[in-house]
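Number of protein chains: 2
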Amino acid sequence: MIVNGVDVTALSQTLDAIRQDPKLGAFQFRASNTWLGGGLNRSTIDRFYGAGQEQTRPKPFSFSADEPPVLLGGDSGANPVEFVLHALAACLTTTMAYHAAARGIEIRSISSALEGDLDLRGFLGLSDDVRKGYHHVRVKLRVQSDAPAEQLEALAKFSSVYDIVSNSLPVEVTVEIHR
Amino acid sequence: MIVNGVDVTALSQTLDAIRQDPKLGAFQFRASNTWLGGGLNRSTIDRFYGAGQEQTRPKPFSFSADEPPVLLGGDSGANPVEFVLHALAACLTTTMAYHAAARGIEIRSISSALEGDLDLRGFLGLSDDVRKGYHHVRVKLRVQSDAPAEQLEALAKFSSVYDIVSNSLPVEVTVEIHR
Chain L
684 MIVNGVDVTA LSQTLDAIRQ DPKLGAFQFR ASNTWLGGGL NRSTIDRFYG
734 AGQEQTRPKP FSFSADEPPV LLGGDSGANP VEFVLHALAA CLTTTMAYHA
784 AARGIEIRSI SSALEGDLDL RGFLGLSDDV RKGYHHVRVK LRVQSDAPAE
834 QLEALAKFSS VYDIVSNSLP VEVTVEIHR
Chain H
684 MIVNGVDVTA LSQTLDAIRQ DPKLGAFQFR ASNTWLGGGL NRSTIDRFYG
734 AGQEQTRPKP FSFSADEPPV LLGGDSGANP VEFVLHALAA CLTTTMAYHA
784 AARGIEIRSI SSALEGDLDL RGFLGLSDDV RKGYHHVRVK LRVQSDAPAE
834 QLEALAKFSS VYDIVSNSLP VEVTVEIHR
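Note that the protein sequences, when read in sequence, are chains L and H.
Just so you know, my numbering puts 825 at position 142 of the first sequence, and the rest follows in order with no gaps.
Just so you know, my numbering puts 810 at position 127 of the second sequence, and the rest follows in order with no gaps.
No incorrect hints appear here.
Pairs involving identical chains hold if they fit within one copy or between any two copies, as the list cannot separate such chains.
Here are the computed lysine to any residue pairs in the SDA-like style, where the Cα-Cα straight-line distance is at most 20 Å:
| id | residue 1 | residue 2 |
| --- | --- | --- |
| 1 | Lys840 | Leu852 |
| 2 | Lys742 | Ser759 |
| 3 | Lys742 | Ser715 |
| 4 | Lys840 | Gly720 |
| 5 | Lys823 | Leu719 |
| 6 | Lys840 | Asn850 |
| 7 | Lys840 | Leu807 |
| 8 | Lys742 | Tyr732 |
| 9 | Lys706 | His818 |
| 10 | Lys840 | Glu855 |
| 11 | Lys742 | Thr727 |
| 12 | Lys742 | Leu755 |
| 13 | Lys742 | Asp729 |
| 14 | Lys742 | Glu798 |
| 15 | Lys840 | Ile860 |
| 16 | Lys706 | Val813 |
| 17 | Lys823 | Thr717 |
| 18 | Lys706 | Ser810 |
| 19 | Lys840 | Ser851 |
| 20 | Lys823 | Ser849 |
| 21 | Lys823 | Arg730 |
| 22 | Lys823 | Ser747 |
| 23 | Lys706 | Leu694 |
| 24 | Lys706 | Pro752 |
In short, the hints are calculated from the structure, not lab data.
This is chain L alone, in the form it adopts within the complex:
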């Protein structure tokens, strides 16, 4: 049975398997990165461990990161803090879709817009009172579904990346429903 593009039969089997053997829930994700000079570098993401075994992929993923000219880079890739917003958007979206599917809640569309505020004085070491990373992040999710916004917001917050970021700084999540 497929809900929201998620195989809920397989999801239910995964839940049962991890309930019976919690060790199957242990995952390790990995990345390697090479500096290419200045603000430019490239990561490779390939194998990981999970569900009790090494997991391989047909081919590795590769992502460049760079800085825009105003931050003295060549702008040949998004910058590291922009990738954090991508990770957060992607995780909230997938998490809402998966957890809704597990509960039989249909979702027709999800889109989101994110803003992350950062004061460069922290990164540059110009002030000890200013943090180096984002001090606030806002996420606006627009969802087409018959479920209430509060329920979908609570489901999205099972997100792993939301857990990482929101335990470090205020992340304001709002869900706007379109019927």
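Since chain L is already given, all that's left is putting chain H on it; use the hints.
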């Protein structure tokens, strides 16, 4: 003057400008994301605000996120928590290169390997005692430089993404020097 591929004259001018007018340090980065079904979604990263004005780019960046088959996806992109490792690797690397350049420390190469440990029981809601995101991250940086490992490690830790992640969970950073 260029050190580590970084224009240190421009970097010094940036530092002076923000010292004189701290408002120039206020940056806002942005992302938008669209769900494509199941574990697949795509982010667009384009304009941002910084150095006192809206900043545009020649063209937007676009990144897919997906899940591997064992997490019920089609594996057509790295997954959200893998993008967190990319962001962290990229940011530690760029930060070390920039901060070393500002101090006249030459770096000949940087490569890194990252591991992030996650227990899926948190994400799946099977245990309230298990966090949903990574519980530990390890970063090993190999650097070719004449500077001591401790100094380069301290410089890398000005990283914005290191600030975000390490204020949420233990991030173990080790720097290994090769002369």
